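**Q** Here is what each chain is made of, one letter per residue.
2 protein chains.
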Amino acid sequence: MRISHTNRPLVVVTMGDPAGIGPEVIAGALSDPDVRGLADLIVVGDARVMLAAFESRGLPQPKVHDKQGSGSTVDLSDGRVLLMDPGIPLDNAEPGKPTREGAQKTLDCLDLASDIMKEGSGSGGRMALVTAPVNKEMISGVKPGFIGHTEYLRDRHEVDFVTMVLVGEKLRVVPVTRHIPLKDVSRELTGDLLMRTLMQVVDARVVICGRNEARIGVSALNPHGGEGGKIGKEDISVIKPTIDRARAVYPHIVGPIPADVIFHKAFNGGLDIVMAMYHDQGLAPFKMVEFETGVNMTIGLPYVRTSPDHGTAFDIAGKNIASSVSFKQAIKCAVKAVRQAV
Amino acid sequence: MRISHTNRPLVVVTMGDPAGIGPEVIAGALSDPDVRGLADLIVVGDARVMLAAFESRGLPQPKVHDKQGSGSTVDLSDGRVLLMDPGIPLDNAEPGKPTREGAQKTLDCLDLASDIMKEGSGSGGRMALVTAPVNKEMISGVKPGFIGHTEYLRDRHEVDFVTMVLVGEKLRVVPVTRHIPLKDVSRELTGDLLMRTLMQVVDARVVICGRNEARIGVSALNPHGGEGGKIGKEDISVIKPTIDRARAVYPHIVGPIPADVIFHKAFNGGLDIVMAMYHDQGLAPFKMVEFETGVNMTIGLPYVRTSPDHGTAFDIAGKNIASSVSFKQAIKCAVKAVRQAV
Numbered sequence: 051m052r053i054s055h056t057n058r059p060l061v062v063v064t065m066g067d068p069a070g071i072g073p074e075v076i077a078g079a080l081s082d083p084d085v086r087g088l089a090d091l092i093v094v095g096d097a098r099v100m101l102a103a104f105e106s107r108g109l110p111q112p113k114v115h116d117k118q119g120s121g122s123t124v125d126l127s128d129g130r131v132l133l134m135d136p137g138i139p140l141d142n143a144e145p146g147k148p149t150r151e152g153a154q155k156t157l158d159c160l161d162l163a164s165d166i167m168k169e170g171s172g173s174g175g176r177m178a179l180v181t182a183p184v185n186k187e188m189i190s191g192v193k194p195g196f197i198g199h200t201e202y203l204r205d206r207h208e209v210d211f212v213t214m215v216l217v218g219e220k221l222r223v224v225p226v227t228r229h230i231p232l233k234d235v236s237r238e239l240t241g242d243l244l245m246r247t248l249m250q251v252v253d254a255r256v257v258i259c260g261r262n263e264a265r266i267g268v269s270a271l272n273p274h275g276g277e278g279g280k281i282g283k284e285d286i287s288v289i290k291p292t293i294d295r296a297r298a299v300y301p302h303i304v305g306p307i308p309a310d311v312i313f314h315k316a317f318n319g320g321l322d323i324v325m326a327m328y329h330d331q332g333l334a335p336f337k338m339v340e341f342e343t344g345v346n347m348t349i350g351l352p353y354v355r356t357s358p359d360h361g362t363a364f365d366i367a368g369k370n371i372a373s374s375v376s377f378k379q380a381i382k383c384a385v386k387a388v389r390q391a392v
Numbered sequence: 051m052r053i054s055h056t057n058r059p060l061v062v063v064t065m066g067d068p069a070g071i072g073p074e075v076i077a078g079a080l081s082d083p084d085v086r087g088l089a090d091l092i093v094v095g096d097a098r099v100m101l102a103a104f105e106s107r108g109l110p111q112p113k114v115h116d117k118q119g120s121g122s123t124v125d126l127s128d129g130r131v132l133l134m135d136p137g138i139p140l141d142n143a144e145p146g147k148p149t150r151e152g153a154q155k156t157l158d159c160l161d162l163a164s165d166i167m168k169e170g171s172g173s174g175g176r177m178a179l180v181t182a183p184v185n186k187e188m189i190s191g192v193k194p195g196f197i198g199h200t201e202y203l204r205d206r207h208e209v210d211f212v213t214m215v216l217v218g219e220k221l222r223v224v225p226v227t228r229h230i231p232l233k234d235v236s237r238e239l240t241g242d243l244l245m246r247t248l249m250q251v252v253d254a255r256v257v258i259c260g261r262n263e264a265r266i267g268v269s270a271l272n273p274h275g276g277e278g279g280k281i282g283k284e285d286i287s288v289i290k291p292t293i294d295r296a297r298a299v300y301p302h303i304v305g306p307i308p309a310d311v312i313f314h315k316a317f318n319g320g321l322d323i324v325m326a327m328y329h330d331q332g333l334a335p336f337k338m339v340e341f342e343t344g345v346n347m348t349i350g351l352p353y354v355r356t357s358p359d360h361g362t363a364f365d366i367a368g369k370n371i372a373s374s375v376s377f378k379q380a381i382k383c384a385v386k387a388v389r390q391a392v
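Top to bottom, those sequences are chains L and V.
The first sequence begins at 51 in my numbering and counts up one residue at a time.
The second sequence begins at 51 in my numbering and counts up one residue at a time.
Chain L on its own, in the form it takes in the complex (with noise of 0.2 Å):
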């Protein structure tokens, strides 16, 4: 498949659950002339359900490409999005019941996104990725082992590791860390874990904030930094030294410093980048103040790919009371961090 575009970033967006609130939160962000006028974009999604949710929002009809063949050409010459289907529409897409078939179809769209993804990164063009909220038990019903998008990328892609950074207005921060109890968090806090994530971070330092000698600063573990070892000491043992590894192949990296200085220190300007050891470390300071404005961003893959920060909602999902503010922030930040990567 070839895609014909114009010199704007290009922007693959997928549906995620159709039973959650992804398809309304898409039509929503699109909905917004400024969004649309950001980037071409391409929705890869049921076409029933995309069409029902583009024409609840009142927005234009898109453009529908629903064959997969690898020969055609796509065309976003004309600035419209467009739809793409990777197989026969839903029967019954209930917003709110989560089903096999809607699983079936949410994987069928991530697998076409990112063969799109593959296509086109390849080619050097100025693409991101955009995913709406999966459900990650319905998934793996059809899908055994899924866990989640950010694995399931990095598996498709061949890539041995990836970072997820959350950006938002005032912080970048990166969880070192990610979805592991508090007491396992010292074990698996290695330093090489560290370094490959700081050496990541260093990679696609101007892609996260736009700065080619970006501030990057490493929280420590311990209250106060351990003090010396008095009360822990990774910090010393651990964090310490591979900062200065790190230090040695890119200067701007400072730290250990306590956790409740680099967020003060962050937030007022004083760092582009924070590491955190440990998720709630990162996700409380951040969620706190950039609760709507925070987008995920997974670094690491051949491009870059954003989500927003919240998850399908089937509770609330058809009622059209969903925030898009979220999903405009995962298109606003996608489309800055692929200009920002030139």
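Simulated from the structure, these hints should not be mistaken for lab results.
Please read these numbers as outputs of a predicted model, since none were measured by experiment.
Honestly, I wouldn't trust all of these hints.
Just so you know, same-sequence chains aren't split out, so a pair can sit in one copy or run between any two.
[As the list claims (entries may be wrong)] Below, a list of computed lysine-lysine pairs in the DSS-like style, where the Cα atoms sit at most 30 Å apart:
#, residue 1, residue 2
1, Lys290, Lys315
2, Lys315, Lys369
3, Lys233, Lys315
4, Lys147, Lys193
5, Lys280, Lys233
6, Lys315, Lys220
7, Lys233, Lys283
8, Lys186, Lys168
9, Lys147, Lys315
Given the structure of chain L, go ahead and fit chain V onto it with the hints provided.
**A** Quick look at chain V alone, frame taken from chain L:
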């Protein structure tokens, strides 16, 4: 010693280490007529050091009461600051150069101040203690085993359990475990500790936030609250059952709420007090936005004690560059707490 004072609250201030920034931030805070107007004030400190600090800030000379006789009467009814020195002035107190004599004097001041509090609070006086920073290493040189103000005052007043509260303009946060390595948090966070802390906070809720129906939120320990036990069991096995028991005593307690939700909620006015399970979970979000406005409060003593959110800062002491904002906040917070408690 009898204290004759006005109907304003009585605030007793301790100097802290004479070589630190304590003397100058006290003088700086009291040079604000609005702060002086809030309370009757006793400063317990070295007469020579404090008089010099007062003079350098252009403050009116305080009355000096240098006799520790228990039969004397102290008259504060004229509204002037009273300076009390528990011994003889230091010969040699150079800013930035802590000494053993200075540490002994720091401790003598704390002892005298706590004696005043003990007598006064026993008679139902509306009193609070505000402490300037000490250096625990220096004091432990003259008083082995000294850990900090909180534990010292706890033992001096023979109470067996006290709680630290961080009081800011928008957030009030209680760290349930405090200065321990992160890897020990799961083990130290028992249902008993959480329950005792919750009950102490419930008892002091009006002092902390002025509301009889204060909404208390309890943070989860693990990312996303443990996702039903998949990411750590403590939220189910320890925190939830404790909250359920505590709610039988005081119903306005909610949780466990994931840390990346609870601070957003509190910051936007949806909760009055947040119980954080460990130091950085509470302090990182708190200090991010309350760095200058935040105050430490100790509850569980026979009176309210506050302190500014900084240390001795020997490196900048005596240069008159230390900000008095936090010390002013500590006095204001103490006065507000005393008024709220009535």
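**Q** Each hint: holds or not?
**A** Here is how each hint holds up against the structure:
no. : hint              : result
1   : Lys290 <-> Lys315 : within (19 Å within a copy, 34 Å between copies)
2   : Lys315 <-> Lys369 : between (41 Å within a copy, 24 Å between copies)
3   : Lys233 <-> Lys315 : both (27 Å within a copy, 25 Å between copies)
4   : Lys147 <-> Lys193 : within (19 Å within a copy, 67 Å between copies)
5   : Lys280 <-> Lys233 : both (19 Å within a copy, 13 Å between copies)
6   : Lys315 <-> Lys220 : both (11 Å within a copy, 19 Å between copies)
7   : Lys233 <-> Lys283 : both (15 Å within a copy, 10 Å between copies)
8   : Lys186 <-> Lys168 : within (23 Å within a copy, 59 Å between copies)
9   : Lys147 <-> Lys315 : between (44 Å within a copy, 29 Å between copies)
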